[in-house]
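Per the working numbering: the sequence shown ends with 118, consecutive numbering throughout.
If you are wondering where the hints come from, they were derived from the structure by calculation, not from laboratory data. Where a beta carbon is used, it is the ideal one built from N, C-alpha and C, also for glycine. Possibly wrong hints are sitting among the right ones.
Claimed, not checked - What follows is a set of in silico ranges between Cβ atoms, one per label pair, in the way DEER data are often shown:
| no. | residue 1 | residue 2 | range |
| --- | --- | --- | --- |
| 1 | A58 | D7 | 35 to 41 Å |
| 2 | P63 | S91 | 20 to 26 Å |
| 3 | T103 | D23 | 28 to 34 Å |
| 4 | A101 | E15 | 23 to 29 Å |
| 5 | V82 | F35 | 23 to 29 Å |
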Amino acid sequence: MICDMGDAPDFLLVEPLGVFANDLPVATIFDIVPFLNVTGFILCHSPLNPMVIAETIAAFGVPMPAPCIPLIVDPWISPSNVLVDGMPVLSEGAICECLWAGTIELVGPSPAMNVEAI
């Protein structure tokens, strides 16, 4: 994943709590929980993030980043129409919005993942 307000890419973490295909957990549009599914993008540069605002004020108005704490309130929007157990599955190109105005995009599968056809 990448965030247009973050410093570095991150991996989407899919916990083995919900939907499965071929005995493997499947990412769905509801995998939006901070620090469980989306751990962060190192530093946030959004001028709407209260921590960025505080850091910028402390630096006498010089824009300063702050630690990324993603707050996603709406499900992912996925270009896929695939359902597994009635749940919409995430695919490359899915996006979601962070409360701090960052757009997060799923840019591809993890290189360590064994991707199989469902």
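Taking the hints in turn, this is what the structure says about them:
1. Range check, A58 to D7: about 19 Å between beta-carbon atoms, so the 35 to 41 Å window is missed.
2. The hint said 20 to 26 Å for the Cβ distance between P63 and S91, and at roughly 34 Å that hint is violated.
3. Checking the proposed 28 to 34 Å range against T103 and D23 shows it holds: the Cβ atoms sit about 33 Å from each other.
4. Taking 23 to 29 Å as the suggested C-beta distance range, the pair A101 and E15 conforms, at roughly 27 Å.
5. The beta-carbon spacing between V82 and F35, approximately 27 Å, falls within the hinted interval of 23 to 29 Å.
Of the hints listed earlier, those the structure fails to meet are numbers 1 and 2, in rising order.
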